[in-house]
Structures are given as structure tokens and as C-alpha cells.
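Undergrad: Below are the chains, spelled out letter by letter.
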Amino acid sequence: MNQINTRRQLETELTELIRMLTRLGKMSEESLARAIWALKNQNADVAREIIKRDDAIDDLAADIDMACMQFTARFQPLGEDLRTVSSLMHMAVDLERLGDYASNIAKAAIEVADKELMKPLIDIPRMVDILSDMLEKSLEALENKNDAMAYRVFPLDDIIDDLEKQIMRELLLLMMERPQRIEQATLLLNVARTLERAGDHITNVAERVVYIITGKTVKASAYRRPKEHRP
Amino acid sequence: MTKPQLVVSNLNLYYGNNQVLHDINIDIFSKTVTALIGPSGCGKSSFIRCLNRMNDFIPGAKIEGKIFLEGKDIYALSTDVITLRRQVGMVFQKPNPFPMSIYDNVAYGPRLNGIKSREKLDDIVEKSLLGAALWSEVKDKLKSSALGLSGGQQQRLCIARAIATEPEVLLMDEPTSALDPMATARIEELVRTLKERYTVIIVTHNMQQAARISDYTAFFLMGDLIEYGKTPKLFTSPDDKRTEDYITGRFG
Chain A
82 MNQINTRRQL ETELTELIRM LTRLGKMSEE SLARAIWALK NQNADVAREI
132 IKRDDAIDDL AADIDMACMQ FTARFQPLGE DLRTVSSLMH MAVDLERLGD
182 YASNIAKAAI EVADKELMKP LIDIPRMVDI LSDMLEKSLE ALENKNDAMA
232 YRVFPLDDII DDLEKQIMRE LLLLMMERPQ RIEQATLLLN VARTLERAGD
282 HITNVAERVV YIITGKTVKA SAYRRPKEHR P
Chain B
110 MTKPQLVVSN LNLYYGNNQV LHDINIDIFS KTVTALIGPS GCGKSSFIRC
160 LNRMNDFIPG AKIEGKIFLE GKDIYALSTD VITLRRQVGM VFQKPNPFPM
210 SIYDNVAYGP RLNGIKSREK LDDIVEKSLL GAALWSEVKD KLKSSALGLS
260 GGQQQRLCIA RAIATEPEVL LMDEPTSALD PMATARIEEL VRTLKERYTV
310 IIVTHNMQQA ARISDYTAFF LMGDLIEYGK TPKLFTSPDD KRTEDYITGR
360 FG
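Listed in order, the protein sequences are those of chains A and B. When we follow the working numbering, the leftmost residue of the first sequence carries the number 82, and every step to the right adds one. When we follow the working numbering, the leftmost residue of the second sequence carries the number 110, and every step to the right adds one.
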């Protein structure tokens with residue numbers, strides 16, 4: 082009987098840990114989306130709010146880390162429980178990094194807020210829409226133990242990479258046309274690069290979800306477009 | 110791949126009409142520690158008692174199938190059971206030192222095997238007590254009664270007694286369930302060194318213990334061997350759902 086009560090207690094606490102991580106994911110997703118919105122709409126106030134909010138994201142990530150450690154010490158988990166709590170700790174690091182990226186983008190937004198944008202931003206917001214989709218799928222896969230959903234995240238990172246390359250090509254052309262644009266173009270290039278890195282972190286999260294559910298370590302690259310062989 | 114030291118082939122065990130083990134097949138390799146886990150009544154203790162034919166003492170016990178130790182069928186008519194029990198030693202859950210001196214406890218088996226020389230016996234006693242990590246605590250009181258030792262020391266004495274006959278395999282049936290955490294830790298430490306010289310098969314209810322000290326783990330359930338594999342894998346991502354449910358405490 083005691084063992085069954087312990088099991089119930091463990092499940093309650095593990096569910097809470099997953100809930101905390103999901104909340105962290107949503108906070109980071111929101112910050113990223115709003116940071117791009119602030120950039121596109123040249124709104125420095127919103128950008129400043131995002132930078133302030135990063136403390137809350139960092140605090141939550143630290144809380145998750147501590148809670149996972151304590152869970153491990155108390156329950157000495159095995160099997161799927163062990164895979165879950167250890168993966169949650171890794172995923173918290175990836176998701177907290179997204180919050181940092183949002184702050185960096187917000188800083189860029191403050192920079193361009195009072196200047197003329199060299200072009201309307203189309204592909205950068207498209208990137209963040211896809212990133213949101215990737216993150217939502219990963220978190221849903223975690224919550225519902227649906228590994229098929231997690232696998233669907235991997236090919237989306239190809240689109241992120243494609244968009245980043247496209248943005249780079251376009252900005253290079255614009256810089257070559259008018260060198261005065263270099264400063265802003267570099268800033269926008271960095272934003273695109275940051276979003277591309279965000280894609281990598283979200284892919285890590287999806288890989289961890291697959292590990293939790295199946296016990297298998299998968300590499301996203303196996304489920305994406307093969308890298309072209311360059312001569 | 111080296112050949113296994115112990116091969117169990119289609120083992121079925123009956124106590125009268127009651128079948129307690131069903132078609133067990135398992136290979137145990139030399140100088141490894143194998144943990145046997147499973148809920149009460151799953152057959153793990155019955156299983157290890159087959160390995161040194163302790164089940165012979167149970168009226169109505171019958172086995173089908175074969176068990177090979179170093180390639181020899183231990184249930185063959187030509188098997189000398191006394192020799193078998195020297196080769197396959199056993200340590201029980203409750204320490205059971207003989208009511209005699211520490212020295213005589215350890216010397217008992219070798220004396221039975223015909224060793225009379227005082228020097229030889231002294232040597233065996235010292236080596237065995239060293240091997241059981243007990244020598245430094247008892248070397249100055251070898252003639253005192255074994256019953257005066259603490260629970261943990263008594264258990265180590267039983268291990269010394271078992272290794273005094275230089276077995277190949279050491280069976281341990283929940284050797285630390287009756288001991289406090291410190292004594293348990295010392296026995297676990299001992300098992301880690303014992304595997305350098307002996308093959309250890311240990312029945313345990315404590316999954317963390319199994320995870321800590323074993324190389325391989327076998328999960329028994331209701332007389333069946335459900336899963337057998339390398340310990341790190343079995344405890345992080347077992348193949349069988351029943352193993353997963355057991356190790357995560359969903360039943361037991």
C-alpha cells in the first residue's frame with residue numbers, strides 16, 4: 082500500500098514539474114514573439130518590457146532545476162521517471178536560452194525603433210511563427226506523451242535554416258546597393274542568426290521529448306533534409 | 110563473446126503440484142554481479158536455490174530442464190552435490206553464524222574438505238576474513254564467539270565462511286535486508302571487490318541497490334523471467350512494460 086501512495090505522490094510531483102517547464106516554454110515563446118513584434122513595429126517600450134521579463138524567465142528556470150534535483154533526491158527515480166526528470170533539467174536550459182535570445186532581439190528593436198527600417202520585415206516574423214509552432218508541438222508532445230508529434234518538429238528546422246539563408250542573401254544585396262545600410266543590415270542579420278539558433282534549441286527540446294517517451298536518443302538530423310554535399 | 114559460466118536452460122521448478130518457475134533461460138557470465146529483482150513470491154529465491162541444489166531439501170521439489178556450471182550439468186546423476194555446494198556458496202538474508210568461534214566458523218568448510226594443517230587453516234581464515242573486509246576488526250579476537258559480533262559483522266563473517274571454500278559462484282539472498290544503512294554500504298562495497306574473484310548472484314528487494322552494484326539484472330514476475338539485461342539499460346529504459354512498471358513502483 083505504501084508503495085502505491087508513493088507512486089501517486091511521485092506522479093503528482095512529476096506532473097507539476099512538467100507543468101512548470103511548459104510554463105517556462107510558453108513564457109519564452111511569448112517573449113520571442115513579442116520581441117519580433119517590437120522590432121517590426123519599432124516599439125521600444127514593448128522591447129524594454131521584454132528585457133525586464135527575462136528575470137522572471139531565469140528565475141523559473143532556476144526553480145525548475147532545484148525542484149528536479151530535490152525530486153531526484155527524494156524519489157530516486159528509475160525508468161521513464163528518471164528519463165523525464167533528467168530531461169526536464171536539460172530542457173529548462175534550452176528554454177531559458179530562448180528567453181535570452183528574446184532579450185537580445187529586444188535590444189536590437191530598441192536600436193532601430195527611432196530609425197527608418199531598410200525594408201519591411203517579412204521573413205523574420207515568418208521565422209518566429211514557425212518557431213512558435215515548433216515549440217508548441219514539442220510541449221504538446223511532452224504533455225500528451227506523443228512522440229509522433231515531437232518527430233514533426235525536426236523538419237520544420239529546415240524551413241528556419243532556409244529562411245535565414247534567404248534573409249542573409251537579401252540583406253547582402255541591399256548592403257551592396259547602399260553601404261549606409263550596413264549597420265542596420267548587420268543588426269537584422271544577427272536577429273535572423275539568433276532565431277536560427279533558437280530553432281536548434283527547440284529541436285533539442287523535441288529530441289529530449291522523444292527520449293523521455295521512447296528511451297531512444299534520436300538526432301534530429303536523421304529526420305531532416307540531408308545536408309548537400311559541397312565539392 | 111566469452112562463454113557463460115552458468116547456463117540455465119528451460120528450467121521449470123515445481124513444489125509438489127505448484128509450478129513456481131516457468132521455462133527459465135539465462136546465461137550468467139564469470140566474475141559479474143547479477144541482481145535478481147521482482148516482487149515477493151516471484152520465484153527469484155527459488156531460482157537461486159536451484160543453482161546450488163538447496164531445493165533438494167524441500168520435499169516435493171522437482172525440476173525440469175538443465176543447469177550447466179562450467180559446462181557440467183549440476184543435476185546429472187554423476188554430480189557430487191557436496192562439491193557443488195563448495196563451488197556455489199550461499200549467504201542468506203539473516204546472518205547465521207555457527208555458535209562457535211569466529212575462527213572455527215571460517216575454518217568449518219575447509220576442515221570438512223579435509224584440511225587439517227594448522228598453518229593452512231590459519232592462512233585460509235586470514236585470507237577469507239580479509240576478502241570479507243572483516244579481518245582488521247576481528248584479528249585480535251578470532252577465538253571469541255561469532256555470536257558476539259554485530260549484525261553487519263556477522264553477515265561479513267558468513268561471506269568469509271562462504272569464500273573460505275574458494276567457490277566459483279556466490280549466491281546472496283537479500284544479504285542486506287536485515288542490516289542498517291552503514292552495514293549495508295559496507296556489504297555493497299564488498300560485493301564490488303568480490304566480483305574480481307567470484308561470480309555473484311544477488312537477490313534484492315532494493316532496486317537502488319541492484320542498480321548500484323550489479324552489471325546485469327534479471328526481473329522475475331510470477332515465476333517467469335521477464336527481462337534480463339545490462340543494469341544501466343534496464344533501469345533507465347527497460348524493454349518490457351512490466352519491468353518499467355515494477356521499477357517505477359506501480360506494483361510490487
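Wrong hints could be hidden among the right ones.
To be verified - Below, computed lysine-lysine pairings styled on BS3-like, alpha-carbon distance capped at 25 Å:
| # | chain 1 | residue 1 | chain 2 | residue 2 |
| --- | --- | --- | --- | --- |
| 1 | B | 140 | A | 226 |
| 2 | A | 297 | B | 350 |
| 3 | B | 171 | A | 297 |
To be verified - Simulated coverage check for chain B against chain A, where a stretch passes if three residues somewhere in it have a Cβ under 8 Å from a Cβ of chain A:
| # | region |
| --- | --- |
| 4 | 165-172 |
| 5 | 347-356 |
The hints are simulated quantities; they were obtained by calculation from the structure and are not laboratory data. We put the CB at the ideal spot given by N, CA and C, even for glycine.
Undergrad: Could you work out which earlier hints the structure fails to respect and list their numbers in ascending sequence?
TA: 1, 3, 4
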